[in-house]
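Number of protein chains: 2
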Amino acid sequence: MKKTFDYIDQNFDSMVAELQEFCKSPSVAAQNLGMKETAEMLVNIMKNAGIDARIVDNEDGFPVVYGEVKGEADKTILMYNHYDVQPPEPIEKWKYPPFGSEIHDGHLYVRGCADDKGTLLSRVQAIGAILKTGHKLPVNVKFLVEGEEEIGSPSFEKFVHKHKDLLKADACLWENSAKDEDDNPVVKLGNKGMLYCELHVKTGNTDVHSMNAPVVPSAAWELVEALKSLRDETGKVLIDGFYDDVLPVCAEEEEAWKKVPSPEKGLKKRLGIDKFVNDATGDKVNIALYTEPSCNICGMSSGYTGEGQKTVTPCTASAKLDFRLVVAQDPMKIYELLRKHLDKHGFENIELSLTSAAAPAKTSVNEKFVKVIERAAADVYDKPLVVLPTAAGTGPRDVFAYSGMPIAGIGCGYAGLLQHAPNENIRLEDYKEAVKHVAALLFRAKDEDIV
Amino acid sequence: MKKTFDYIDQNFDSMVAELQEFCKSPSVAAQNLGMKETAEMLVNIMKNAGIDARIVDNEDGFPVVYGEVKGEADKTILMYNHYDVQPPEPIEKWKYPPFGSEIHDGHLYVRGCADDKGTLLSRVQAIGAILKTGHKLPVNVKFLVEGEEEIGSPSFEKFVHKHKDLLKADACLWENSAKDEDDNPVVKLGNKGMLYCELHVKTGNTDVHSMNAPVVPSAAWELVEALKSLRDETGKVLIDGFYDDVLPVCAEEEEAWKKVPSPEKGLKKRLGIDKFVNDATGDKVNIALYTEPSCNICGMSSGYTGEGQKTVTPCTASAKLDFRLVVAQDPMKIYELLRKHLDKHGFENIELSLTSAAAPAKTSVNEKFVKVIERAAADVYDKPLVVLPTAAGTGPRDVFAYSGMPIAGIGCGYAGLLQHAPNENIRLEDYKEAVKHVAALLFRAKDEDIV
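Chains as they are written, first to last, in our numbering: chain A, 5 to 455; chain B, 5 to 455.
It should be emphasised that the hints constitute simulated quantities derived from the structure, not laboratory data. A portion of the hints provided could be inaccurate.
Each pair may be met inside one copy or between any two copies, as identical chains are not told apart.
Stated by the list, open to error - Calculated lysine to any residue pairs in the SDA-like style (CA-CA distance at most 25 angstroms, straight line):
hint: 1; residue 1: LYS51; residue 2: PRO388
hint: 2; residue 1: LYS7; residue 2: LYS273
hint: 3; residue 1: LYS140; residue 2: LYS337
hint: 4; residue 1: LYS206; residue 2: PRO92
hint: 5; residue 1: LYS232; residue 2: PHE351
hint: 6; residue 1: LYS206; residue 2: GLY310
hint: 7; residue 1: LYS372; residue 2: THR359
hint: 8; residue 1: LYS79; residue 2: HIS108
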């Protein structure tokens, strides 16, 4: 391990240069930009690292990159990552060109460096470093790199189910993680689920002069009333049955939560806010953020929203909602409950449409794989690894629910990474630690129990 | 009168041609388009009709056109109109070019023909017809034609107060009216008042990934909650003191309301709606439309409203509201009550800004001037004149409250005029009747009591 760590230290500049080149290649799935080119570049980078990589036919969507390396022990770790990135817009808010891959003050600025190209290459380069320092890989590794994560992984489930044999593994290293507000490294053991849907209100054929407001139904008011019926002021969702399937947090998980530092101070400062919902402080911030489902308005609009005065009673109004769900809420069941709720409250005419649905999923904090990741972290990091029983965000972990394997996410980010936002960046020192963490994990996985 | 009516019948084609030319000249106050040119064109048209017309200096805004003709009797009727028009957008929804002035199936299609250039020229051409058929004008007439009605008449009050002597009159013919859904001609004796304002919610410095929704305050939810607090499902406004200054409808006005046909059927058909607010039918439609104040959402927006899925918790949200007010509600008092309401309900941080304010005003149904207008209508129309104690819309009638003179609106529109909307149009037959109605009124005003 020491030899490999030294190799990483000595060759870090060229590893960063390779990451910069990879990130320069735009791969915006939402805009169908540079997808094939980036997938091919990735295959070459993986091959150079000693990984047997190839593009696997995926007739339903963007190319999937698969790779494998045989190891000494008869154990297999599957690496799940994605090479697609979020759109760079709004471009005018970037300090440096979004695909410029510029380094300033030890930070690399480029769309996708944090989510997820950095974490992806940290794994590829960790394997390269092990192989180049005269070792055989300690365990078998498989790579599954999709190109549709940022658009909701529409063809992923079908792909995985079609290639169950190819993807068979004992444990899975999930795509990403980031240090917390106190710079502790973090492993994430789950994702919330999500139901994303839209409400469309139509009360007539045409917007009318607002002098008619006393008698003509208003789509704007109907939307306000429908939205208000969904949630009380504390954020509690008022849909009948919404919480029925929420599983209580078990004792071990409760213990784990107690060890997770509250993001309160750092998050408030970054967002410019004085207080959280329901004045949550300390532990309660984590409990709310990670264990409670939520109903969020991503956007809403109705009528005239330009400059100045226009007197109109709008005949259409719409809202985009996301419900974040926890184990074992079922997004499609929630979708049905929402429809029933609207009907019951007199909003039968509101059209409800489904945008995407993902089930929540989590791995137990007691899994042996998690312990190995923890011990490997101690080989690299000065600060202890924080075990986050679930992430606040959503991802397609539930697709692997059939396999029963433990799934844990580690990565190269930090609290200021600006994922999905302008000025996405990583710190190069974090990146180096992430490469070493993967290497340490692979070394340990040979002799320690991962399941 | 007969000679003048014959003249109108015989010269109607050239009168329509003049109206077409006048309407072709765009005069969009909101876009500062063609204002001076149109004012000058109007002065020429008025002069050709025999009216002593000129542009009066209005340093605070768009040119005001003033005109006068001395009459036989020592009585003066002031004509209030405006030459500015609404913006033509959305242009793609017009069947014919918005400033093309095309005639199809007896309808003239052009922005401003109904509101208010048609009514304005019907008055100018009525005077022209009387003078050209060898008469002296029966009474004195003054014209006050502003260019800012469609942007809320910002400099009108100051202008009127500055020129009180010039504008002195016994009665005022207000800018506009339109036949009702049953094609009865209508005289409008009042305007509702209006408070137009905006709510701006800001909960932080930046929109955040919606995985943070359980703890990060949402501007969208705060706006929904604030809006919902303003109004119940029946449309009743929940602001303390909102209804305190509403004067009850007097017995004579109640009688008048009973004679006003309900717009129910026609309005529902045109708007493509099945039912009105609170299932109002028959008389209740008029009572709601004309005698009740209202709170309307003209527009609202927050967060992501583009295509597809974006998972964001918005830090800003805003809404444009108009409150239609009835006698004797005071818009600035309502504005203060609204601020108090927001503060009382925990929305101290919501910024409230005033866009415009206009007081309600109405003339009694018992005024002699109204009776003369009714008798003049009987000279022209087959159907009886409907006396509408107030219009549902807003206008600067209250600016003349100081004068105490009766103010009544008649015009050339019909129920399908699409005022403020694409495909604004008038029917040429209605226009001819409107010209004759003005002529008849002027003849009758000489010998009949107008006050």
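Hint-by-hint comparison with the structure:
no., hint, verdict
1, LYS51 - PRO388, "neither (34 angstroms within a copy, 90 angstroms between copies)"
2, LYS7 - LYS273, "neither (41 angstroms within a copy, 82 angstroms between copies)"
3, LYS140 - LYS337, "neither (48 angstroms within a copy, 81 angstroms between copies)"
4, LYS206 - PRO92, "between (33 angstroms within a copy, 24 angstroms between copies)"
5, LYS232 - PHE351, "both (12 angstroms within a copy, 16 angstroms between copies)"
6, LYS206 - GLY310, "both (21 angstroms within a copy, 18 angstroms between copies)"
7, LYS372 - THR359, "neither (37 angstroms within a copy, 64 angstroms between copies)"
8, LYS79 - HIS108, "neither (40 angstroms within a copy, 81 angstroms between copies)"
Checked against the numbered hints above, the structure breaks hints 1, 2, 3, 7, 8 and satisfies the rest.
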